[in-house]
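Residues per chain are reported as follows:
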Amino acid sequence: GQNIDQPTEMTATEGAIVQINCTYQTSGFNGLFWYQQHAGEAPTFLSYNVLDGLEEKGRFSSFLSRSKGYSYLLLKELQMKDSASYLCAVREDGSGNTPLVFGKGTRLSVIA
Amino acid sequence: EAQVTQNPRYLITVTGKKLTVTCSQNMNHEYMSWYRQDPGLGLRQIYYSMNVEVTDKGDVPEGYKVSRKEKRNFPLILESPSPNQTSLYFCASSLSGLAGGPGYNEQFFGPGTRLTVL
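Here the protein sequences come in this chain order: Z and P. The numbering used here puts the first sequence at residues 263 to 374. The numbering used here puts the second sequence at residues 6 to 123.
Chain Z with its partners taken away, still in its complex shape:
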């Protein structure tokens, strides 16, 4: 089976750093994605990891450990506009043609 776990909700302060964790158990693995979704809007792509390690993109970084089935999204210098849901998704198959399996998302609230 497939299982992707993320915390349901998190709260952090403007200007701070927050780490959103994602653990996965899937039959195969060929990449992990993070998406941002503001309420009522479409998800938008943030990052992609297929090899172990840290990928940095501005204020956002994503880490992957394939042996542990674990990833995190790190958001630095939080801004109010970062209040959104963050979705972790895994592609199980190596062909690149198979669907993404999404976690239920983590709702992040940034407070002043």
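Just so you know, the hints here were simulated from the structure itself, not pulled from any lab data. Hints may be right or wrong, so weigh each one.
[Stated by the list, open to error] Simulated restraints on C-beta separations:
| hint | chain 1 | residue 1 | chain 2 | residue 2 | range |
| --- | --- | --- | --- | --- | --- |
| 1 | P | 32 | Z | 290 | 23 to 31 Å |
| 2 | Z | 313 | P | 33 | 24 to 32 Å |
| 3 | Z | 315 | P | 10 | 31 to 39 Å |
[Stated by the list, open to error] Straight line, CA to CA, 20 Å or less: simulated SDA-like cross-link-like pairs of lysine to any residue:
| hint | chain 1 | residue 1 | chain 2 | residue 2 |
| --- | --- | --- | --- | --- |
| 4 | Z | 338 | Z | 321 |
| 5 | P | 62 | Z | 354 |
| 6 | P | 62 | Z | 288 |
| 7 | Z | 319 | Z | 308 |
| 8 | Z | 319 | P | 111 |
| 9 | P | 23 | P | 69 |
| 10 | Z | 319 | P | 113 |
| 11 | P | 74 | P | 27 |
| 12 | P | 62 | Z | 355 |
| 13 | P | 62 | Z | 290 |
| 14 | Z | 343 | P | 116 |
| 15 | P | 62 | Z | 264 |
| 16 | P | 62 | Z | 289 |
| 17 | P | 62 | Z | 265 |
| 18 | P | 22 | P | 68 |
| 19 | Z | 319 | Z | 339 |
| 20 | Z | 343 | Z | 307 |
| 21 | P | 74 | P | 57 |
[As the list claims (entries may be wrong)] Looking from chain P toward chain Z, a few residues come up when the C-beta cut is under 7 Å (computed):
| hint | residue |
| --- | --- |
| 22 | 47 |
| 23 | 48 |
| 24 | 50 |
| 25 | 111 |
| 26 | 114 |
| 27 | 116 |
| 28 | 117 |
All C-beta atoms, glycine included, are put in the ideal place defined by N, C-alpha and C.
For chain Z, the structure is supplied; the task is to place chain P on it using the hints.
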């Protein structure tokens, strides 16, 4: 502008009245997909298509149909909608082929269709 479009954006209908939600992309993507999103359940895939005339069931296909006659269009059909199909629906597309960098795998999502079935 590269985009995925969906129509309608909002729809209120009654049980049993057939409806179609259209999805179109202008990026020449092979892969297209439909999701529904419900509170507490996250994004769940309904159907997907790897290319023209090739469609497959996702996790929650019951009560839905799709077709892929052209590469750019992937309509979602509800033959006899029921209240449990009230949801927020997203269409998405991406390039296909061998896994590579984000250029091959990133899914672009449409703006969503909020459907209410009374």
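For each hint, the structure was consulted:
At roughly 27 Å, the beta carbons of residue 32 (chain P) and residue 290 (chain Z) sit within the given window of 23 to 31 Å. For the pair residue 313 (chain Z) and residue 33 (chain P), the beta carbons lie near 28 Å from each other, so the given range of 24 to 32 Å is met. The beta-carbon spacing between residue 315 (chain Z) and residue 10 (chain P), approximately 37 Å, falls within the hinted interval of 31 to 39 Å. For the hint pairing residue 338 (chain Z) with residue 321 (chain Z), the CA-to-CA distance comes to about 5 Å; that is within 20 Å, so the pair holds.
The hinted pair formed by residue 62 (chain P) and residue 354 (chain Z) meets the criterion: a straight-line CA distance of about 16 Å does not exceed 20 Å. Note on residue 62 (chain P) and residue 288 (chain Z): the hinted pairing holds, with a Cα-Cα distance of about 19 Å set against a maximum of 20 Å. In summary, the hint linking residue 319 (chain Z) to residue 308 (chain Z) is supported, as the alpha carbons are separated by about 9 Å, within the 20 Å threshold. For the suggested pair residue 319 (chain Z) and residue 111 (chain P), the alpha carbons sit about 16 Å apart, so the restraint of at most 20 Å is met.
The straight-line distance between the Cα atoms of residue 23 (chain P) and residue 69 (chain P) is roughly 11 Å, inside the 20 Å bound, and the hint therefore holds. Note on residue 319 (chain Z) and residue 113 (chain P): the hinted pairing holds, with a Cα-Cα distance of about 19 Å set against a maximum of 20 Å. Taking the CA atoms of residue 74 (chain P) and residue 27 (chain P), the gap is about 13 Å. The hint holds against a cut of 20 Å. For a cut-off of 20 Å, the pair hint linking residue 62 (chain P) to residue 355 (chain Z) stands: about 16 Å separates their Cα positions.
For the hint linking residue 62 (chain P) to residue 290 (chain Z), the alpha-carbon distance of about 19 Å falls within 20 Å, and the restraint holds. Between residue 343 (chain Z) and residue 116 (chain P) the alpha-carbon distance is near 19 Å, which keeps this suggested pair within the 20 Å criterion. A threshold of 20 Å between alpha carbons decides the hint, and for residue 62 (chain P) with residue 264 (chain Z) the separation of about 16 Å falls inside it, so the pair holds. With a C-alpha separation of about 18 Å, the suggested pairing of residue 62 (chain P) with residue 289 (chain Z) holds against the 20 Å cut-off.
At roughly 19 Å between alpha-carbon atoms, residue 62 (chain P) and residue 265 (chain Z) fall within 20 Å of each other, so this suggested pair holds. Taking the CA atoms of residue 22 (chain P) and residue 68 (chain P), the gap is near 13 Å; set against the 20 Å cutoff, the hint holds. Between residue 319 (chain Z) and residue 339 (chain Z) the alpha-carbon distance is near 13 Å, which keeps this suggested pair within the 20 Å criterion. With a CA separation close to 16 Å, the supplied pair residue 343 (chain Z) and residue 307 (chain Z) stays within the 20 Å bound.
The straight-line distance between the Cα atoms of residue 74 (chain P) and residue 57 (chain P) is roughly 6 Å, inside the 20 Å bound, and the hint therefore holds. Interface hint status for residue 47 (chain P): upheld, as the beta-carbon distance to the closest one in chain Z is roughly 4 Å, under 7 Å. Below 7 Å, beta-carbon pairs count as interface contacts, and residue 48 (chain P) has one with chain Z at about 4 Å; its hint therefore holds. Hint on residue 50 (chain P) holds. Least Cβ distance to chain Z is approximately 5 Å, under the 7 Å limit.
A distance limit of 7 Å between C-beta atoms decides the matter here; for residue 111 (chain P) the minimum to chain Z is near 5 Å, and the interface restraint holds. For the restraint placing residue 114 (chain P) at the interface with chain Z, the shortest Cβ-Cβ distance is roughly 4 Å, inside the 7 Å limit, so the hint holds. Annotation: interface hint on residue 116 (chain P) holds; nearest CB of chain Z at approximately 5 Å, less than 7 Å. The interface hint given for residue 117 (chain P) holds, since its Cβ lies 6 Å from the closest Cβ of chain Z, which is under the 7 Å cut-off.
The structure fails none of the hints (numbered hints given earlier).
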